[in-house]
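Residue numbers (numbering that gives the first Met the number 0), protein chains in the order written: chain A, 0 to 327; chain B, 0 to 340; chain C, 0 to 384.
One or more of the hints may lead you astray.
Once the Cα atoms are required to be at most 25 Å apart in a straight line, the calculated SDA-like pairs of lysine to any residue come out as [stated by the list, open to error]:
no., chain 1, residue 1, chain 2, residue 2
1, B, K100, A, V212
2, B, K19, A, L221
3, A, K129, B, R102
4, B, K19, A, V212
5, A, K163, C, I218
6, A, K6, C, L207
7, C, K266, A, V212
8, A, K242, B, F18
9, B, K139, A, E220
10, A, K242, B, E144
11, A, K6, C, I218
12, B, K67, A, E220
13, B, K100, A, L241
14, B, K12, B, D90
15, A, K129, B, L24
16, A, K6, C, T109
17, A, K163, C, L207
18, B, K67, A, K6
19, A, K129, B, F18
20, A, K242, B, D90
21, A, K129, B, R21
22, A, K242, B, I62
23, A, K6, A, V212
24, B, K19, A, D219
25, A, K129, B, A92
26, A, K242, B, Q103
27, A, K129, B, I62
28, A, K163, C, P329
29, A, K242, B, R21
30, A, K242, B, F170
31, A, K242, B, K19
32, A, K163, C, V217
Restraint-style ranges between C-beta atoms, simulated for each label pair [stated by the list, open to error]:
no., chain 1, residue 1, chain 2, residue 2, range
33, C, R125, A, P251, 58 to 66 Å
34, B, K19, A, P224, 22 to 30 Å
35, B, I4, A, A237, 40 to 48 Å
36, C, T346, A, K72, 39 to 47 Å
37, C, T82, A, F89, 46 to 54 Å
38, B, E326, A, P251, 33 to 41 Å
39, A, P251, B, A329, 54 to 62 Å
40, C, F60, A, V53, 51 to 59 Å
Hints were generated in silico from the structure; no laboratory data involved. Treat the numbers as computed from the prediction; the structure is a model and nothing was measured. Using N, Cα and C, we set each Cβ at its ideal position, and we do this for glycine too.
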Amino acid sequence: MLSFLLKRVSNMVLSLFVISIVAFIVIQLPPGDFLTTYMAQLTSAGQTVDNAEVASLNRQFGLDQPIYVQYYKWISGIVLRGDFGYSFNFRRPVTALLDERMGYSLILAFGTMILVYLLALPIGVYSAIKQYSIADYVVTLLGFLGLALPSFLFALIMMYLSNKYLGISVGGLFSPKYEMAPWSLERLGDFLSHLWVPMVVVGLSGTASLIRVMRATMLDELSQPYVETARAKGLSEARLILKYPVRLAVSPFISTIGWTLPNLISDTAIAAIVLSIPTVGPLLLTALLSQDMYLAGSIILILSFMTVVGTFISDLLLAWLDPRIRYE
Amino acid sequence: METNIRPVLLEVKDLKTHFKMRQGLIRAVDGVTFTLYRGETLGIVGESGCGKSITARSILRLIQPPGKIVSGQILLHMKAREGTSWQEIVDIAALQPDDPKIRQIRGGEVAMVFQEPMTSLSPVHTVGDQITEAIGLHQKCTQTEARKKAIDMLGRVRMSQPTRVFDQYPFQLSGGMRQRVMIAMALVCTPSLLIADEPTTALDVTTEAQILNVMRRLQRELGMAIMFITHNLGVVAQNTEHVAVMYLGQVVEIADVKSLFADPKHPYTQALMRSIPRLGKTTGQPLESIKGTIPDPYRTPMGCRFHARCPQAIRGVCEVQEPPVIEIKAGQQVRCHLYTK
Amino acid sequence: MEDEAKPLAPAPAIPDELPPTDEEPVTYATPLQMMWWRFKRHRMAIFGAVILILFYFVMVFADFFAPYEPNTRTPYMYSPPQTVHFIDNNGNLSLTPLVYGIGKTRNMETLELIYVEDKTQEYPIRFFVHSWPYKLWGIFDADLHFFGTPEQGADIFLLGTDHLARDMVSRIFFGARISLTIGLVGVFMSMIIGLIIGGISALYGGWLDNAIQRIIEVIISIPSLPLLMGLSAAIPREWSIEQTYFVFSLILSLISTTVIIRIVRGKFLSTRNLDFVTAARLYGSGEMRIIVQHLIPSFLSYVIVRVTLDIPRMILAETALSFLGIGLRPPSISWGVLLTQAQNYQTVVIYPWLLLPAVFVIFTVLAFSFMGDGLRDAADPFSNK
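Looking at chain A on its own, in the form it has when it is part of the complex (with noise of 0.2 Å):
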């Protein structure tokens, strides 16, 4: 078992390094660079650029140097000392930006999960046991809407109806009242107020999908042979569709846990820039607009790195619920 999980950490490791390789490549693929974005932005405003700053700019974010250098500067740097590089758009230190964002995201996408997997689950239960029924057709429509509605249609749609019908703005996190107050029991409850539409509008889609699958996984186990030998026990409905084919339809359904939470907060960057939620999302696209390479290649790379472990998560997970895998 040890030399199994000793062996899984060497290949996650491997896998990030080559994973910060390419991040770091696809971020200097646009060609130029920050610097002659940031400039062709000046000179179309209107601006002069003084070539002398030009070349004092390129000394100091270290653009002047050959890729590999300013690679193993910033995979250095996040190594040894935890520093992600410096955001040449925002004039700050990577570190301190994802500090502000990365709270909100995960708060998001953990509250989101959470919500999706406590609807989704007993609603594919319920609409597998009672297939046919108008029950599941409804269920099995909303899977198809949730499907083909875009998140960021969803969210305009929330945003324009609330704000016609419920007369409130929901765009970003918080009312431009508790925008800089520090943190207090009402700042808690606008938060909270605003919460509720991004993991609603992200929500569906994904409940949407885990209802269809934990609905065939249902359906799947609910025609074994062991049912009926569980029936013929004496056991009760209730009691033996709980303990017997949601038992085993849930293991492949829970062991997704581990990389669903990367996956939501990646996903919801659309909604993010949509209704304009200070989230990890939007700050990718501005990043990866303004060649804000740092910024960018920290970003995927964090994601990845969460990707990476939540699998790792997830593998375990099924292991420990899945007796058959782990004596394999």
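Add chains B and C to chain A, keeping to what the hints say.
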């Protein structure tokens, strides 16, 4: 052989279980009648699709929609309660689907062992968990007591290392061991009737013999009745006392096992017997098979269901009228026009 | 309790001597026929297929169906969709639908420009009119259009106009050309590339196989949206529409390709040792024949499933990325590009018709999903539904 009159345990009277499918109505069990006595072994034989499994499942009300018991009675004579001589007779077929009595009977009075032990046992629960669950449903006892009973039962089915097996998962056991677990699980609450639905079909011949031994021995020890469902006439010959032969949803002949093999009355039974290769007798001859094929279950023939394949069919009668059930002697009945007086 | 069953069929007559076999004549259905029958049973799948046929038909003949050239500017910016009337000025029922002219007034309080119906100008909508000339598919000269208001060159904006005063209907029809094809192109590419690489990986094994698998692992470890965003942002703005389209669809197909590589490789490895392959080898089939006749059909159903899931996914991805501004950009026209204006929430509140391309996206994705469901059920003739 027996003049001792055993009490009646189960009476199935004109049971009909139908399945309403999109393509039509399947009369899987269409008028099955037989009586089972305490402690006896009844074999139910027939080809695939004759309705024997459905009959068994009807007894335990295990039929799920679109199937339904549409008429008939299943009278279970429950054990006399302590101190009284009054026996309760329950018509299982008449109970409401959510009647708690059904769950009491399942596993408590009547238990069932299924064909495929691998898929009939939950893969993610230990053997011990599954057996003690059965105990907990019908008996009041503590966890330690239940564990003890379960291990004891595993011993009685001649499982090697019962304490070790208790904590193992079904996939870690061989086919024969799994079937022993199924039997242990079924018998741990000492039911009056064990229904065994093709319990050895999935096993190799040696294991089959062992399992049949186990079942016979436990039957003697516990005094229970066994309803043995199979299509294997050899197994029937060795392990049953009475036999009911089914064809297309009906019982066509009931007899004690000796009479059935020595002098089968119904043409179908006769054909079945002829198709068994016998040592020394059939060498060099082509195997006999029953002419024709089983009719489409959606369109059962009028009159006697077997008439199209019957070499002794009476023209003008068999294809028009349903044959009556004729009693040849005590304990032997045939459903055939040939025996009307 | 017993229901009235269908009348029992009369049993076959008892012959004097039983025939050697008693079989009804059996007819065969080819697998394709069986698939079609099962597909037909799925009402939703048929509905989806009809919608898609309709959309693709309009797309192919976009020039014919569009009342305007998609980049034409009209004098009416942000015009709301015009109402089509069937009752004319005098209150009579008119068989030809008609629209009224567009008049501009200004709201005296907010100084906002408002469009009102100018009932003094009545324009019947005619079908099959001659309007702006085009080259159908770049080959045939034509100027016939499905509908229009030819009198005095009146304007007809069935779905309103956008921020540059261009007709939405025309832009949506032309936008379909990219939005509806990028999924197909992407999926096609992913299948070809996936098949080749997967096959090579499985056939040659060894370090090549290992290397390819590691690369794939790395790719799927990076969350897809950031990866797509990163790669799309890398497309230089100076490239032509065609180049951008091609590279963008390649990027979109990336995830799909990796999945197909895995499927193909997995199936190759597991089936090459199966008995029927050994049997084929034993009676002399060549390697190529084995691959084509045996291995490919065995994973075809998986690939079908993949494809039906990927086309809507790619359409949504293109819409989303273009919407954000990092996918396709103007002057390309796709539904996602059309939606970029809707990024601004204020704009959407005032001019909600800008969201209409999204309705088309939703319908397309739903149609593909339904059809995909139907195809999957149909391709598996032995499932119990």
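Verification of the supplied hints:
| no. | hint | verdict |
| --- | --- | --- |
| 1 | K100/B with V212/A | violated, 36 Å |
| 2 | K19/B with L221/A | holds, 20 Å |
| 3 | K129/A with R102/B | holds, 21 Å |
| 4 | K19/B with V212/A | violated, 29 Å |
| 5 | K163/A with I218/C | violated, 43 Å |
| 6 | K6/A with L207/C | holds, 21 Å |
| 7 | K266/C with V212/A | holds, 23 Å |
| 8 | K242/A with F18/B | violated, 28 Å |
| 9 | K139/B with E220/A | violated, 30 Å |
| 10 | K242/A with E144/B | holds, 22 Å |
| 11 | K6/A with I218/C | holds, 20 Å |
| 12 | K67/B with E220/A | holds, 22 Å |
| 13 | K100/B with L241/A | holds, 21 Å |
| 14 | K12/B with D90/B | holds, 10 Å |
| 15 | K129/A with L24/B | holds, 22 Å |
| 16 | K6/A with T109/C | violated, 69 Å |
| 17 | K163/A with L207/C | violated, 59 Å |
| 18 | K67/B with K6/A | violated, 56 Å |
| 19 | K129/A with F18/B | holds, 19 Å |
| 20 | K242/A with D90/B | violated, 29 Å |
| 21 | K129/A with R21/B | holds, 18 Å |
| 22 | K242/A with I62/B | holds, 20 Å |
| 23 | K6/A with V212/A | violated, 31 Å |
| 24 | K19/B with D219/A | holds, 22 Å |
| 25 | K129/A with A92/B | holds, 24 Å |
| 26 | K242/A with Q103/B | holds, 19 Å |
| 27 | K129/A with I62/B | holds, 16 Å |
| 28 | K163/A with P329/C | violated, 31 Å |
| 29 | K242/A with R21/B | violated, 32 Å |
| 30 | K242/A with F170/B | holds, 18 Å |
| 31 | K242/A with K19/B | violated, 30 Å |
| 32 | K163/A with V217/C | violated, 45 Å |
| 33 | R125/C with P251/A: 58 to 66 Å | holds, 59 Å |
| 34 | K19/B with P224/A: 22 to 30 Å | holds, 23 Å |
| 35 | I4/B with A237/A: 40 to 48 Å | holds, 43 Å |
| 36 | T346/C with K72/A: 39 to 47 Å | holds, 43 Å |
| 37 | T82/C with F89/A: 46 to 54 Å | holds, 49 Å |
| 38 | E326/B with P251/A: 33 to 41 Å | violated, 58 Å |
| 39 | P251/A with A329/B: 54 to 62 Å | holds, 58 Å |
| 40 | F60/C with V53/A: 51 to 59 Å | holds, 53 Å |
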